[in-house]
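Enquirer: Single-letter residue listing:
Protein chains: 2
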Amino acid sequence: MNTLQVDLGNRSYPIYIGENLIQNHELFAPHVRGHLSIIVTNPTIAALYADQVEKSLKNIGQQVMRVIIPDGEAHKNWATLQLIFNGLMEAGADRKSTIIALGGGVIGDMAGFAAASFMRGIAFIQIPTTLLSQVDSSVGGKTGINHPLGKNMIGAFHQPVAVIADLLTLTTLPQKELAAGLAEVVKHGAIADDVFLSWIESHIADLNACDLSAMEHAVLRSCEIKSAVVAADEKEIGIRAHLNFGHTFGHAIEAGMGYGDWLHGEAVGCGMVIASELSKELGYITAQEVRRLTQIIAELHLPITPPVWSVQKYLDLMSHDKKAEQGSIKYVVLEKLGQASVQKVPDKTIGAVLQRFGAT
Amino acid sequence: MNTLQVDLGNRSYPIYIGENLIQNHELFAPHVRGHLSIIVTNPTIAALYADQVEKSLKNIGQQVMRVIIPDGEAHKNWATLQLIFNGLMEAGADRKSTIIALGGGVIGDMAGFAAASFMRGIAFIQIPTTLLSQVDSSVGGKTGINHPLGKNMIGAFHQPVAVIADLLTLTTLPQKELAAGLAEVVKHGAIADDVFLSWIESHIADLNACDLSAMEHAVLRSCEIKSAVVAADEKEIGIRAHLNFGHTFGHAIEAGMGYGDWLHGEAVGCGMVIASELSKELGYITAQEVRRLTQIIAELHLPITPPVWSVQKYLDLMSHDKKAEQGSIKYVVLEKLGQASVQKVPDKTIGAVLQRFGAT
Numbered sequence: 009m010n011t012l013q014v015d016l017g018n019r020s021y022p023i024y025i026g027e028n029l030i031q032n033h034e035l036f037a038p039h040v041r042g043h044l045s046i047i048v049t050n051p052t053i054a055a056l057y058a059d060q061v062e063k064s065l066k067n068i069g070q071q072v073m074r075v076i077i078p079d080g081e082a083h084k085n086w087a088t089l090q091l092i093f094n095g096l097m098e099a100g101a102d103r104k105s106t107i108i109a110l111g112g113g114v115i116g117d118m119a120g121f122a123a124a125s126f127m128r129g130i131a132f133i134q135i136p137t138t139l140l141s142q143v144d145s146s147v148g149g150k151t152g153i154n155h156p157l158g159k160n161m162i163g164a165f166h167q168p169v170a171v172i173a174d175l176l177t178l179t180t181l182p183q184k185e186l187a188a189g190l191a192e193v194v195k196h197g198a199i200a201d202d203v204f205l206s207w208i209e210s211h212i213a214d215l216n217a218c219d220l221s222a223m224e225h226a227v228l229r230s231c232e233i234k235s236a237v238v239a240a241d242e243k244e245i246g247i248r249a250h251l252n253f254g255h256t257f258g259h260a261i262e263a264g265m266g267y268g269d270w271l272h273g274e275a276v277g278c279g280m281v282i283a284s285e286l287s288k289e290l291g292y293i294t295a296q297e298v299r300r301l302t303q304i305i306a307e308l309h310l311p312i313t314p315p316v317w318s319v320q321k322y323l324d325l326m327s328h329d330k331k332a333e334q335g336s337i338k339y340v341v342l343e344k345l346g347q348a349s350v351q352k353v354p355d356k357t358i359g360a361v362l363q364r365f366g367a368t
Numbered sequence: 009m010n011t012l013q014v015d016l017g018n019r020s021y022p023i024y025i026g027e028n029l030i031q032n033h034e035l036f037a038p039h040v041r042g043h044l045s046i047i048v049t050n051p052t053i054a055a056l057y058a059d060q061v062e063k064s065l066k067n068i069g070q071q072v073m074r075v076i077i078p079d080g081e082a083h084k085n086w087a088t089l090q091l092i093f094n095g096l097m098e099a100g101a102d103r104k105s106t107i108i109a110l111g112g113g114v115i116g117d118m119a120g121f122a123a124a125s126f127m128r129g130i131a132f133i134q135i136p137t138t139l140l141s142q143v144d145s146s147v148g149g150k151t152g153i154n155h156p157l158g159k160n161m162i163g164a165f166h167q168p169v170a171v172i173a174d175l176l177t178l179t180t181l182p183q184k185e186l187a188a189g190l191a192e193v194v195k196h197g198a199i200a201d202d203v204f205l206s207w208i209e210s211h212i213a214d215l216n217a218c219d220l221s222a223m224e225h226a227v228l229r230s231c232e233i234k235s236a237v238v239a240a241d242e243k244e245i246g247i248r249a250h251l252n253f254g255h256t257f258g259h260a261i262e263a264g265m266g267y268g269d270w271l272h273g274e275a276v277g278c279g280m281v282i283a284s285e286l287s288k289e290l291g292y293i294t295a296q297e298v299r300r301l302t303q304i305i306a307e308l309h310l311p312i313t314p315p316v317w318s319v320q321k322y323l324d325l326m327s328h329d330k331k332a333e334q335g336s337i338k339y340v341v342l343e344k345l346g347q348a349s350v351q352k353v354p355d356k357t358i359g360a361v362l363q364r365f366g367a368t
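Protein chains in written order, with the numbering used here: chain A, 9 to 368; chain B, 9 to 368.
I should point out that these hints are in silico values taken from the structure, not numbers from a laboratory. Heads up, some of the hints might be wrong.
[Claimed, not checked] Simulated DEER-style distance windows between Cβ atoms: (1) Gln13(A) - Asn216(B): 16 to 24 Å; (2) Arg41(A) - Pro354(B): 18 to 26 Å; (3) Glu209(B) - Glu98(A): 56 to 64 Å; (4) Arg19(B) - Lys356(A): 37 to 45 Å; (5) Gly17(B) - Ala55(A): 40 to 48 Å; (6) Gly100(A) - Met265(B): 17 to 25 Å; (7) Thr11(A) - Gly129(B): 24 to 32 Å; (8) Thr179(B) - Arg41(A): 42 to 50 Å.
[Stated by the list, open to error] Simulated crosslink set (DSS-like; lysine-lysine; CA at most 25 Å straight-line): (9) Lys159(B) - Lys104(A); (10) Lys344(A) - Lys321(A); (11) Lys159(A) - Lys321(A); (12) Lys288(A) - Lys243(A); (13) Lys104(B) - Lys159(A); (14) Lys338(B) - Lys104(A); (15) Lys104(B) - Lys159(B); (16) Lys63(A) - Lys104(A); (17) Lys104(A) - Lys243(B); (18) Lys159(B) - Lys288(B); (19) Lys338(A) - Lys288(A); (20) Lys321(B) - Lys288(B); (21) Lys352(B) - Lys321(B); (22) Lys104(A) - Lys184(B); (23) Lys356(A) - Lys344(A); (24) Lys288(B) - Lys243(B); (25) Lys63(B) - Lys243(A); (26) Lys344(B) - Lys159(B); (27) Lys184(A) - Lys288(A); (28) Lys104(A) - Lys159(A); (29) Lys104(B) - Lys352(A); (30) Lys321(A) - Lys356(A); (31) Lys344(B) - Lys356(B); (32) Lys159(B) - Lys321(B); (33) Lys352(A) - Lys243(A); (34) Lys338(A) - Lys104(B); (35) Lys243(A) - Lys104(B).
Computed from a predicted structure; not experimentally measured. Backbone N, C-alpha and C define an ideal beta-carbon position, used for all residues, glycine too.
Starting from the given sequences, assemble the full structure and let the hints guide the process.
Expert: If you want it as structure tokens, here you go:
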């Protein structure tokens with residue numbers, strides 16, 4: 009087992025990465041304060057792992073309740089959040105109760121936001137069961153729900169008290185979701201570590217096969233990179249924006265398709281292809297480097313061809329993105345492989361790049 | 009004009025207290041960052057003050073939008089919060105936009121929670137237009153909405169960037185709401201400053217008549233007391249709980265009556281009478297001091313007789329209070345006039361005290 013400390017002053021917390029962790033009640037013990045734990049999960053994950061988590065919690069004397077919420081991004085809204093609040097109220101939860109977010113990114117975001125706002129903030133432990141959530145949402149404390157007009161528009165920064173990333177949960181993951189998680193792994197290499205990017209390139213077969221020792225390295229290095237960025241800029245005033253590489257285009261794809269059609273990671277994968285092309289257009293990386301990155305993304309079974317929409321549709325969708333400020337959209341580009349920066353780019357340039365992908 | 013600095017490190021902010029402040033655009037100028045301000049208010053307050061506030065904001069180059077939400081505690085829920093989010097999205101608000109909370113406690117709580125959670129946190133300026141909100145919710149950063157099963161159950165700690173307490177807005181306040189605000193003024197004297205309590209006692213006629221120089225002292229001293237407490241304990245781990253004097257019983261009365269029947273301040277006034285009796289029962293203050301405090305509360309036209317319910321109903325209602333932990337209810341009591349503490353009290357003792365007020 010690896011333990012990585014996310015360094016955020018009095019909100020610091022450990023990420024445990026390894027196999028068979030959810031059975032290990034000693035990992036839970038230091039992180040619960042009260043007598044009541046509420047497991048928030050969805051029906052699929054509940055059937056696979058809730059009993060094991062519940063057993064670990066009971067082993068350390070916790071009273072355990074479950075709140076089962078519907079699966080998927082389409083349910084990442086107030087109505088579902090309300091189910092969690094209702095469960096907390098009915099269970100008699102108080103300020104010392106602990107929420108256990110057992111599931112992927114949607115569960116983590118919603119259970120985390122419930123923890124952030126229930127009684128103005130209670131503790132939560134995150135048990136990410138997808139690759140995407142292990143390498144991405146388990147670090148950084150971003151929680152929230154979608155607004156009908158925009159993704160993750162309503163939320164809070166709320167750090168978990170611990171993250172338990174059990175690699176064994178990845179073995180039950182559909183191939184499509186594994187690929188979606190690998191998109192964020194590639195992103196971490198692309199923006200911050202070209203050595204890691206090369207490692208990914210040379211382990212594509214292992215990664216596609218969900219080889220657990222490859223996964224361990226991918227998860228650990230991703231969490232290291234992301235936690236270094238988040239520690240430097242918790243509230244996303246500066247460098248944290250680099251983590252949005254591929255996300256401005258990706259969010260536009262997700263929003264335009266209706267959330268839930270493309271997986272988030274798939275949209276990010278494709279978004280990185282466009283953002284790489286933009287980086288080339290701005291004179292940073294070479295056409296060969298764009299091809300190399302595109303090749304990696306394609307071999308990880310991620311889409312590299314965006315929906316054929318008008319440039320204006322893309323621009324409209326992106327202007328609603330949270331990263332937009334006063335109508336001007338900022339883009340994360342690669343200055344070179346392993347190094348990102350944020351740039352304001354004229355709409356005309358964006359249009360020219362999008363047209364290369366078939367936009368009208 | 010008085011300026012009181014609430015000292016919370018990098019979340020510190022000024023409270024401006026005086027007459028004719030909302031016309032003074034120079035008070036707004038240092039506290040807006042972007043180009044867009046969104047005034048959140050209700051129809052009554054909009055008719056009285058929104059034009060003046062809008063003019064001040066336009067004077068400093070702001071684009072101004074209004075979101076008008078329905079009035080009253082009964083609307084302090086998700087549906088109304090959603091109106092604010094919709095308004096923000098439609099106005100094209102971004103992370104640098106500023107929310108202007110123009111109104112009483114309900115507006116402040118909701119606009120503040122909207123600011124806390126929109127894009128995970130944007131700035132807000134509070135313009136409290138009731139005495140209650142000027143002396144209470146303008147300090148401390150508590151924001152939130154009600155859950156059907158409990159008041160203020162969902163929310164965030166989110167500090168405003170500035171508070172503009174214009175005493176002239178108090179002159180349009182109904183007598184009943186003035187009294188409700190005075191309940192919290194009395195509370196500040198009772199828990200922290202017996203000299204202030206004596207000042208209140210000798211200025212009851214001025215306070216009831218809304219004499220603005222008396223109001224200025226009442227607001228300023230209340231904000232000073234509250235901000236000292238909040239600065240010492242922002243997240244309510246310790247001494248901040250003293251501010252809940254009268255509130256455990258008060259919340260039970262509000263919840264039991266259905267929110268909106270008794271004003272919050274009225275319930276707190278009556279709650280302080282019960283809490284004073286409890287303080288006497290525990291051997292702290294004398295019967296004469298209880299009578300003195302009760303007399304002050306009565307002369308400020310606040311109720312001193314709680315609803316006649318069973319003791320069990322009171323206990324059930326209080327066990328849902330946020331301050332309850334693992335079933336054990338803590339009470340704020342007066343060790344003497346001007347000094348509070350928090351005590352766990354057996355249900356039997358609470359029952360005996362409530363029975364003196366007619367509980368069955």
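Enquirer: Now tell me, hint by hint, if it's right for this structure.
Expert: Verification of the supplied hints:
1. Gln13(A) - Asn216(B): 16 to 24 Å: Since the Cβ atoms of Gln13(A) and Asn216(B) sit about 58 Å apart, the hinted range of 16 to 24 Å is violated.
2. Arg41(A) - Pro354(B): 18 to 26 Å: 24 Å, holds
3. Glu209(B) - Glu98(A): 56 to 64 Å: Because 45 Å falls outside the window, the suggested range is violated.
4. Arg19(B) - Lys356(A): 37 to 45 Å: 41 Å, holds
5. Gly17(B) - Ala55(A): 40 to 48 Å: 46 Å, holds
6. Gly100(A) - Met265(B): 17 to 25 Å: 22 Å, holds
7. Thr11(A) - Gly129(B): 24 to 32 Å: Hint holds: Cβ distance 30 Å, inside 24 to 32 Å.
8. Thr179(B) - Arg41(A): 42 to 50 Å: 48 Å, holds
9. Lys159(B) - Lys104(A): 18 Å, holds
10. Lys344(A) - Lys321(A): Given pair Lys344(A), Lys321(A) is violated - Cα atoms ~29 Å apart, limit 25 Å.
11. Lys159(A) - Lys321(A): With a Cα-Cα distance of about 17 Å, the restraint between Lys159(A) and Lys321(A) holds, given a limit of 25 Å.
12. Lys288(A) - Lys243(A): 29 Å, violated
13. Lys104(B) - Lys159(A): 18 Å, holds
14. Lys338(B) - Lys104(A): 14 Å, holds
15. Lys104(B) - Lys159(B): 30 Å, violated
16. Lys63(A) - Lys104(A): 20 Å, holds
17. Lys104(A) - Lys243(B): 13 Å, holds
18. Lys159(B) - Lys288(B): Status violated; Cα separation ~28 Å.
19. Lys338(A) - Lys288(A): 16 Å, holds
20. Lys321(B) - Lys288(B): The hint holds at about 23 Å.
21. Lys352(B) - Lys321(B): OK: Lys352(B) and Lys321(B) at ~19 Å, within 25 Å.
22. Lys104(A) - Lys184(B): Given pair Lys104(A), Lys184(B) is violated - Cα atoms ~37 Å apart, limit 25 Å.
23. Lys356(A) - Lys344(A): Given pair Lys356(A), Lys344(A) holds - Cα atoms ~23 Å apart, limit 25 Å.
24. Lys288(B) - Lys243(B): Answer violated: Lys288(B) to Lys243(B) is near 29 Å, above 25 Å.
25. Lys63(B) - Lys243(A): Violated, because 32 Å separates the two Cα atoms, which is more than 25 Å.
26. Lys344(B) - Lys159(B): Violated, at roughly 29 Å.
27. Lys184(A) - Lys288(A): Violated: Lys184(A) and Lys288(A) sit about 29 Å apart, past 25 Å.
28. Lys104(A) - Lys159(A): 30 Å, violated
29. Lys104(B) - Lys352(A): Holds, because 17 Å separates the two Cα atoms, which is no more than 25 Å.
30. Lys321(A) - Lys356(A): 14 Å, holds
31. Lys344(B) - Lys356(B): Holds, at about 23 Å.
32. Lys159(B) - Lys321(B): 17 Å, holds
33. Lys352(A) - Lys243(A): 20 Å, holds
34. Lys338(A) - Lys104(B): At roughly 14 Å apart (the allowed maximum being 25 Å), Lys104(B) and Lys338(A) satisfy the hint.
35. Lys243(A) - Lys104(B): Holds - the C-alpha atoms of Lys104(B) and Lys243(A) are around 13 Å apart, at most 25 Å.
In terms of the numbered hints stated before, the structure departs from hints 1, 3, 10, 12, 15, 18, 22, 24, 25, 26, 27 and 28, listed from lowest to highest.
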